[in-house]
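Going down the list, the sequences are from chains A and B.
Residue numbering for the first sequence follows the UniProt record's numbering, starting at 1 and increasing by one per position.
Residue numbering for the second sequence follows the UniProt record's numbering, starting at 1 and increasing by one per position.
To be clear, the hints were calculated from the coordinates, so they are not data collected in a lab.
All C-beta atoms in this analysis are idealised placements derived from N, C-alpha and C, irrespective of residue type, glycine included.
Some hints here could point you the wrong way.
Pairwise CB distance ranges (calculated) [as the list claims (entries may be wrong)]:
id, chain 1, residue 1, chain 2, residue 2, range
1, A, A63, B, G93, 35 to 45 Å
2, B, A98, A, E3, 17 to 27 Å
3, A, N186, B, L63, 32 to 42 Å
4, B, E129, A, R135, 48 to 58 Å
5, B, L136, A, W206, 31 to 41 Å
6, B, E129, A, V44, 41 to 51 Å
Which bits of chain A does chain B cover? Going by a derived footprint, with three or more residues having C-beta under 8 Å, they are [what the hints assert, rightly or not]:
id, region
7, 1-13
8, 66-72
9, 85-92
10, 167-180
11, 187-200
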Amino acid sequence: MEEFLFAFLNGDILREAWPILWQGFLYTLALSAITVPLGLAGGVILALLSTSGPRGIRLAAAAWTDLFRAIPPLVLLVFLYAGLPFAGIDVGAWGAVAIGFFLNTGAYYGEVLRAGIGSVPAGQMEAARSTGLTRGQALRHVILPQAVRNVLPDLVSNTLEVVKLTSIASVVALPELLFQARQAQNATYNATPIVAAAVAYFLLLWPLVRLISRLENKAMAGR
Amino acid sequence: MGGLESFLFSFFNLKVMGTYLPLIAQGLGLTVILALLIVVSGLALGLALALLRACGIRPLNWLIIFVVDLFRALPPLVIIVLLFFGLPAMGLGMSGFAATWLSLTLVLMAFAEEIYWAGITAVPKGQWEAARSTGLGFFQTLRLVVLPQALRITIPPLTNRTIAITKGTALGSVVGVAEILGAAQSAMSFSANPSPLTLGAIAYLILFIPVVALGRWVETRFAWKR
Numbered sequence: 001m002e003e004f005l006f007a008f009l010n011g012d013i014l015r016e017a018w019p020i021l022w023q024g025f026l027y028t029l030a031l032s033a034i035t036v037p038l039g040l041a042g043g044v045i046l047a048l049l050s051t052s053g054p055r056g057i058r059l060a061a062a063a064w065t066d067l068f069r070a071i072p073p074l075v076l077l078v079f080l081y082a083g084l085p086f087a088g089i090d091v092g093a094w095g096a097v098a099i100g101f102f103l104n105t106g107a108y109y110g111e112v113l114r115a116g117i118g119s120v121p122a123g124q125m126e127a128a129r130s131t132g133l134t135r136g137q138a139l140r141h142v143i144l145p146q147a148v149r150n151v152l153p154d155l156v157s158n159t160l161e162v163v164k165l166t167s168i169a170s171v172v173a174l175p176e177l178l179f180q181a182r183q184a185q186n187a188t189y190n191a192t193p194i195v196a197a198a199v200a201y202f203l204l205l206w207p208l209v210r211l212i213s214r215l216e217n218k219a220m221a222g223r
Numbered sequence: 001m002g003g004l005e006s007f008l009f010s011f012f013n014l015k016v017m018g019t020y021l022p023l024i025a026q027g028l029g030l031t032v033i034l035a036l037l038i039v040v041s042g043l044a045l046g047l048a049l050a051l052l053r054a055c056g057i058r059p060l061n062w063l064i065i066f067v068v069d070l071f072r073a074l075p076p077l078v079i080i081v082l083l084f085f086g087l088p089a090m091g092l093g094m095s096g097f098a099a100t101w102l103s104l105t106l107v108l109m110a111f112a113e114e115i116y117w118a119g120i121t122a123v124p125k126g127q128w129e130a131a132r133s134t135g136l137g138f139f140q141t142l143r144l145v146v147l148p149q150a151l152r153i154t155i156p157p158l159t160n161r162t163i164a165i166t167k168g169t170a171l172g173s174v175v176g177v178a179e180i181l182g183a184a185q186s187a188m189s190f191s192a193n194p195s196p197l198t199l200g201a202i203a204y205l206i207l208f209i210p211v212v213a214l215g216r217w218v219e220t221r222f223a224w225k226r
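In isolation and in its complexed conformation, chain A is listed as follows:
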């Protein structure tokens, strides 16, 4: 028991590692604040293209979505970070994360939003157009608000996944929470910093998990 406490819940080590863990935590928040909007932007573009573009564009958007849903995000990230420099294109760790998240989480958000747009009856668009709204106005004021409401649980749940996914940025050495915890563990030969990081992730994301659970149960029960 004492051995367990010493290795995993060591107060001295925690105090020592605290400053860099805190920095890592803030970095994770910043990464999330950048990657979530990036993914959403990609998702909105894909969803609009795959529901209202010409046939060729719709098919291309669907293929694009499947492509980036089939490639694991870490593979994409490693390719952008370690592969591209061989071709003389060095986007750096930040660039790799930004592009990778735009492509990967954009595909997921796109799929969710596409389903949302599909769930709005066609009559809504026709009614909106017949009142004199343009297509763009109808999409923005009539279709998208209903679409978002219909798939809200999936949108929130996807956002949780994006925040969790920022932990793979540790692989390209961005100093986010997991990376800092690994550094601290290497320096101290003690697992406490990693346990602390896990606790931090849990405290940060638990409210979101609870919220999703409630939204999902409501959606399932409402059928």
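Dock chain B against chain A, hints included.
Structure of chain B alone, referenced to chain A:
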């Protein structure tokens, strides 16, 4: 070298690809085995937890909800790192393969439990009462009446979640598992050429595009009729 030529040399170098094809193919095999193990153990454990929760023992249910929330909130890579780099401090070292398998199993278990549970609670109460009044026991009702209805509506969300989590096998490369990404990365450093990474990406596409398409099909096939 021209731009296109240098691009092809870097990313579609057939000589390098030929040399490392066997290594990537082995990685593909390992990814498939790992993914299958995760799917079987994760879905089975998730169902077991959901059934346990259906028994309605209060303190036990709180524990189940906590465990499920925990593994839904933690990033899979954090769990893998904790098991692989943390546990040896207790003298409980495990291989990267075991750490990846166990981590993703726990994550899939948590998500699957939540989905199964939502499915079970979505079956109207009257179904329980009617079945019990015909003389079926609690477990008979669960098995013969409730589960068949519950599982049907869980199939689409479960399929999508399972696909997303099995793609997490690539995280194994961080703890030295020679699955597709791990194999491709070693091949890339041996050959000083990123073509093996292209090959790895192709391997993932071969593996997951049919699965993603299957997920799409399942979604429409089992869609709940409103």
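Evaluation of the provided hints:
1. Between A:A63 and B:G93, the C-beta spacing of about 44 Å keeps the proposed range 35 to 45 Å intact.
2. A C-beta distance of roughly 22 Å is found between B:A98 and A:E3, which places it inside the suggested range of 17 to 27 Å.
3. Between A:N186 and B:L63 the beta carbon distance is about 34 Å. The supplied range of 32 to 42 Å therefore holds.
4. The supplied range of 48 to 58 Å is met by B:E129 and A:R135, whose beta-carbon atoms lie about 51 Å from each other.
5. For B:L136 and A:W206, the hinted distance range of 31 to 41 Å is satisfied, since their beta carbons lie about 38 Å from each other.
6. Remark: the range hint 41 to 51 Å for B:E129 to A:V44 is upheld by a beta-carbon distance near 46 Å.
7. Counting residues of the region 1-13 of chain A whose C-beta sits closer than 8 Å to any C-beta of chain B gives 4, which meets the bar of three, so the coverage hint holds.
8. Residues of the region 66-72 of chain A with a Cβ under 8 Å from some Cβ of chain B number 6, which satisfies the need for three, so the listed coverage holds.
9. Residues of the region 85-92 of chain A with a Cβ under 8 Å from some Cβ of chain B number 3, which satisfies the need for three, so the listed coverage holds.
10. Coverage of the region 167-180 of chain A by chain B holds in this model, with 5 residues showing a Cβ closer than 8 Å to a Cβ of that chain against a need of three.
11. With 7 residues having a beta carbon nearer than 8 Å to a beta carbon of chain B, the region 187-200 of chain A meets the requirement of three or more and the stated coverage holds.
In terms of the numbered hints stated before, the structure departs from none.
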